[in-house]
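**Q** In case you want the letters, here they are:
2 protein chains.
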Amino acid sequence: MAGVRHVVVFNWTAEATEEQRARVVEALSTLPAAVPEIRAYAFGPDLGINAGGGDFAVVADFADESDYLAYRDNAEHRRIIDEVIHPIMASRSAVQYRLAD
Amino acid sequence: MAGVRHVVVFNWTAEATEEQRARVVEALSTLPAAVPEIRAYAFGPDLGINAGGGDFAVVADFADESDYLAYRDNAEHRRIIDEVIHPIMASRSAVQYRLAD
Chain U
1 MAGVRHVVVF NWTAEATEEQ RARVVEALST LPAAVPEIRA YAFGPDLGIN AGGGDFAVVA
61 DFADESDYLA YRDNAEHRRI IDEVIHPIMA SRSAVQYRLA D
Chain P
1 MAGVRHVVVF NWTAEATEEQ RARVVEALST LPAAVPEIRA YAFGPDLGIN AGGGDFAVVA
61 DFADESDYLA YRDNAEHRRI IDEVIHPIMA SRSAVQYRLA D
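Residue numbers (full-length UniProt numbering), protein chains in the order written: chain U, 1 to 101; chain P, 1 to 101.
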């Protein structure tokens, strides 16, 4: 079945603390249990292998566009974005693409 | 085993043609057979669900950092970047993160 993959790369602000970055990981870790439409979910801070990279990435897989939209608009997801991510977000680059499987 | 996931979001130039964009898909499709270190590889153009998103994303999984570096520096991969991607690339945002599995 062809799914939809959501990919997002974040850059944090220079002022973002380690505690604030860790809160993003903690908060996102709760989402697979809270959002039944999530098929696969993996995220993490940049390992620092390359200079000039982003700071954090999320990859989320869904059965279809409708399930992706349910995740995008999920109330707990929006709360995390507003309260945990936006305060330290400098920029964001996202794509949704068709996943052949 | 904990792997390494490479995530990259591209924005193409306003001048990029459909043919040039299609050549990126064709060229990247050859890489899993050419680069034995690739464990999983999926990419595609943005579906246009959200306004203001990137144009194209690649997600590539590797067993470890060494295998990611072999992919990053693979000669055929570099050729595709130089000849097919760079001519239409406006910007690029990439992260490598630890994949727990």
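The reader is advised that the hints may include incorrect statements.
[Unchecked claim] What the simulated footprint calls covered on chain U by chain P, stretch by stretch (three residues with Cβ under 8 Å from a Cβ of chain P suffice, anywhere in the stretch; the number is not a length):
1. 19-29
2. 41-48
3. 54-65
[Unchecked claim] Here are the in silico distance ranges between beta carbons for each label pair:
4. Ser29/U - Arg78/P: 29 to 37 Å
5. Ala100/P - His86/U: 22 to 30 Å
6. Glu15/P - Ala34/U: 24 to 32 Å
7. Ala100/U - Arg78/P: 19 to 27 Å
8. Gln20/P - Gly52/U: 19 to 27 Å
9. Asp82/U - Ser66/P: 38 to 46 Å
10. Ala100/P - Arg78/U: 23 to 31 Å
11. Gln20/U - Ala63/P: 27 to 35 Å
Note that these hints are calculated values from the structure, not bench results.
By construction, the Cβ of each residue, glycine as well, lies at the ideal position given by its N, Cα and C atoms.
**Q** Are the hints correct? Go through all of them and say.
**A** Structure-based check of each hint:
Here's how the region 19-29 of chain U fares: 0 of its residues keep a CB closer than 8 Å to some CB of chain P, so the rule of at least three is not met and the hint is violated. Only when three residues or more bring their CB closer than 8 Å to a CB of chain P does the claim for the region 41-48 of chain U stand; here the count is 6, and the claim holds. Counting residues of the region 54-65 of chain U whose C-beta lies closer than 8 Å to any C-beta of chain P gives 6; at least three are required, and the coverage claim holds. Between Ser29/U and Arg78/P the Cβ separation comes to about 36 Å, which falls inside the hinted range of 29 to 37 Å.
Hint check: Ala100/P to His86/U, Cβ distance near 26 Å, so the stated range 22 to 30 Å holds. About 43 Å separates the C-beta atoms of Glu15/P and Ala34/U, a value inconsistent with the hinted range of 24 to 32 Å. Look at Ala100/U against Arg78/P: about 26 Å separates their beta carbons, and that is inside 19 to 27 Å. One distance hint, 19 to 27 Å for the beta-carbon pair Gln20/P and Gly52/U, holds here, with the actual separation near 24 Å.
A beta carbon spacing of about 39 Å between Asp82/U and Ser66/P agrees with the range 38 to 46 Å that was offered as a hint. The beta-carbon spacing between Ala100/P and Arg78/U, approximately 26 Å, falls within the hinted interval of 23 to 31 Å. Taking the beta carbon of each, Gln20/U and Ala63/P are about 31 Å apart, inside 27 to 35 Å as hinted.
Taken one by one, the earlier hints fail for this structure at numbers 1 and 6, listed in ascending order.
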